[in-house]
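> Based on the hints, put chain S in the right spot on chain R.
First to last, the sequence lines map onto chains R and S.
Following our numbering, the numbering of the first sequence begins with 13 at its first residue and continues without gaps.
Following our numbering, the numbering of the second sequence begins with 0 at its first residue and continues without gaps.
For the record, the hints were derived by calculation from the structure and aren't laboratory data.
Note that the Cβ used here is the ideal one computed from N, Cα and C, for glycine as well.
Mixed in with the good hints, there may be bad ones.
The calculated lysine to aspartate or glutamate pairs, modelled on DMTMM-like cross-linking and capped at a C-alpha distance of 25 Å, are [claimed, not checked]: (1) S:Lys26 to S:Asp233; (2) S:Lys64 to R:Glu228; (3) S:Lys56 to R:Glu56; (4) R:Lys142 to S:Asp204; (5) S:Lys179 to S:Asp15; (6) S:Lys19 to R:Glu228; (7) S:Lys83 to R:Glu56; (8) S:Lys53 to R:Asp227; (9) S:Lys183 to S:Glu118; (10) S:Lys237 to S:Glu225; (11) S:Lys155 to S:Glu29; (12) S:Lys121 to S:Glu74; (13) S:Lys19 to S:Asp204; (14) S:Lys155 to R:Glu56; (15) S:Lys83 to S:Glu111; (16) S:Lys185 to S:Asp117; (17) S:Lys179 to S:Glu118; (18) S:Lys53 to S:Asp153; (19) S:Lys55 to R:Asp197; (20) R:Lys238 to S:Glu74; (21) S:Lys83 to R:Asp227; (22) S:Lys83 to S:Asp117; (23) R:Lys35 to R:Asp175; (24) S:Lys237 to S:Asp167; (25) S:Lys212 to S:Asp247; (26) S:Lys183 to S:Glu225; (27) S:Lys121 to S:Glu111; (28) S:Lys19 to R:Glu56; (29) S:Lys155 to R:Glu228; (30) S:Lys185 to S:Glu226; (31) S:Lys53 to R:Glu228; (32) R:Lys142 to R:Glu56; (33) S:Lys155 to S:Glu114; (34) S:Lys55 to R:Glu228; (35) S:Lys242 to S:Glu221; (36) S:Lys26 to S:Asp15.
A short list of chain S residues far from chain R (calculated; beta carbon distances all over 10 Å) [to be verified]: (37) Gln14; (38) Thr39; (39) Tyr77; (40) Thr89.
Listed below, chain by chain, are the residues.
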Amino acid sequence: MLAVLVITFFASLFLGRYIISPKVVFFILLDSLSNSRSSLYEIEASIVLGIRLPRTILSMLIGAGLAVSGSTFQGLFRNPLVSPDVLGVSSGAGFGAALGILTTGISGISSISAFAFGILSVFLTYMLAKTRKEVSVMSLVLAGMIVSSIFNSLISMVKYVADPYDKLPAITYWLMGSFSKATFDSLKAVFLPIAAGIVILLLLRWRINILSLGDEEAYSLGINPKRIRLAAIAISTIVTAASVTVVGVVGWVGLVIPHISRQIVSVDHRYLLPASCILGAIFLTLVDIIARTLMSAEIPIGVLTAFVGAPFFAFLLKIVKKGKGEW
Amino acid sequence: MLIEVRNGFFGYPGQDMILKDINFSLKQGEIMAILGQNGTGKTTMLKCLTGILKWKKGQTLINGKSLDSVGRLNEIGYVPQAHKLSFPYTVREMVAMGRARYIGPFSVPSKEDMEKVDEVIKSIGIEHLKNIPCTNLSGGQLQLVYIARALAADPKVLVLDEPESHLDFKNQLMILKLIKRLVKGKNISCIMNTHYPEHALRISDKTMFLGSKGYILGKSREVITEENIGEYFDIHAKIVSIKNGNEDLSTIIAFC
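Same shape as in the complex, but just chain R (with noise of 0.2 Å):
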């Protein structure tokens, strides 16, 4: 599975509307490694170096991010339909969006504020569903829902008082998920926060699937379960805010990708984590490769993530059908 990673992580970088050949991205990046800058492909080198190996490091970052976070949250739930935006920082995070191009149209107040309304959609969730309390898996997605209709309400009356030459184009692209604005400050911005909670979520593997067994269960085992949800569910939040903040809403990795990976791996969360790691890394970077080859114009990755994700979970469901049976 790593070498396919490392095959898409090269073909990220020669593919694209201008095709560099591979000879020339190795030649490019020793040279950048060795810090020796010859004037020879210099326009290749902006690409490579300034666009595509940024826009490449993110989408698998992200990818992995994501895909992490919904094997994490499918184990915790005990669910296999649930997806890291089931809480609702999706919906907040698109808000917090939203409402940032609507009022300053500034790129970086608006990632804050994407940011912080993602965190404040979980944290009401949690609060909401905190009855006598005790928090209950029903009641958590549950709440999950109210939050996220009424931040999806709000998203449309944003777009409904938005200019609509100017801002609402805006906001709907936004809305769809593109890696096209990604930078090595936006990356840098980003990196820690999913890269550490990717960490630390992989860590934490053995023990999510004690609580995929239920609260009961793992009190009977000895484990109190509720501190380390508390903290799965913060750091796959964070990881998926962060995500959002960048690119944008994208779809169907953390629902799909910790499906294929229990197809081709294990159901034991010590291995389907780190494989759904690495497929989702693949799988985004991937998608991403199409979004910016396919047509001349760029298509939202948000939308080609649901396009491509969604045939091949139903080819899945059908092979499963005649094959293994449960999952």
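Same frame as chain R, but now just chain S:
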């Protein structure tokens, strides 16, 4: 004295106390059965004494030490009723989860943990199922897996919630024999819920009858009588004994 419950009271929020002033103690190598109709709080009692639920009043003690903070169950192995699983973990993965209390949140089972797991799997006699997903097992097999999981933690007290329900005749006997063998062999204590007075009669040293108004407790041979069964199960019952070689076998015939 190994496990002891003192003045245990419990009621679900907003409801009357379902368990009132529960007191008992159990020595090493002893088995206690809890009998009672549905809804009298048998499962609730097990959950309270293992710490899954908190006693409203009173406490569970192990070797004189109180077990009052939630989650500290290191000496008790709990075997839940066989139930549906969300993910098809293999038998070996499932049993390995019994080691959880010895494994930190950021680590995975070590080689020693897995050796222990394989040892338990062997001692229960389910080696041939090791790599099969738990969702493909029969009820009896799944019950064995849960027992193995509890044993993987080296418990001093084994607590089982209706281990033999939903099983066929042969598997019921197999589970009962296994419990007896484990308790005597490892010299641990055991508390189990059951719907069958004759199972209590067969393997338990002590028996508790739990009813909606209170409970009685005593040596199984003395307390499992036609009158008590009649009173606590609200039926008429006859105990019939037959000799099979030099073994005394009893069965209970119930009628309305």
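> Each hint: holds or not?
Structure-based check of all given hints:
no. : hint                 : in the structure
1   : S:Lys26 to S:Asp233  : violated (31 Å)
2   : S:Lys64 to R:Glu228  : holds (23 Å)
3   : S:Lys56 to R:Glu56   : violated (75 Å)
4   : R:Lys142 to S:Asp204 : violated (44 Å)
5   : S:Lys179 to S:Asp15  : violated (36 Å)
6   : S:Lys19 to R:Glu228  : holds (23 Å)
7   : S:Lys83 to R:Glu56   : violated (57 Å)
8   : S:Lys53 to R:Asp227  : holds (14 Å)
9   : S:Lys183 to S:Glu118 : holds (18 Å)
10  : S:Lys237 to S:Glu225 : holds (6 Å)
11  : S:Lys155 to S:Glu29  : holds (11 Å)
12  : S:Lys121 to S:Glu74  : holds (22 Å)
13  : S:Lys19 to S:Asp204  : holds (23 Å)
14  : S:Lys155 to R:Glu56  : violated (70 Å)
15  : S:Lys83 to S:Glu111  : violated (29 Å)
16  : S:Lys185 to S:Asp117 : holds (17 Å)
17  : S:Lys179 to S:Glu118 : holds (19 Å)
18  : S:Lys53 to S:Asp153  : holds (23 Å)
19  : S:Lys55 to R:Asp197  : violated (56 Å)
20  : R:Lys238 to S:Glu74  : holds (21 Å)
21  : S:Lys83 to R:Asp227  : holds (14 Å)
22  : S:Lys83 to S:Asp117  : holds (24 Å)
23  : R:Lys35 to R:Asp175  : violated (47 Å)
24  : S:Lys237 to S:Asp167 : holds (23 Å)
25  : S:Lys212 to S:Asp247 : violated (33 Å)
26  : S:Lys183 to S:Glu225 : violated (28 Å)
27  : S:Lys121 to S:Glu111 : holds (15 Å)
28  : S:Lys19 to R:Glu56   : violated (80 Å)
29  : S:Lys155 to R:Glu228 : holds (20 Å)
30  : S:Lys185 to S:Glu226 : violated (35 Å)
31  : S:Lys53 to R:Glu228  : holds (12 Å)
32  : R:Lys142 to R:Glu56  : violated (55 Å)
33  : S:Lys155 to S:Glu114 : holds (20 Å)
34  : S:Lys55 to R:Glu228  : holds (18 Å)
35  : S:Lys242 to S:Glu221 : holds (19 Å)
36  : S:Lys26 to S:Asp15   : violated (31 Å)
37  : Gln14                : holds (13 Å)
38  : Thr39                : holds (20 Å)
39  : Tyr77                : violated (4 Å)
40  : Thr89                : violated (8 Å)
In summary, the numbered hints that this structure violates are 1, 3, 4, 5, 7, 14, 15, 19, 23, 25, 26, 28, 30, 32, 36, 39 and 40.
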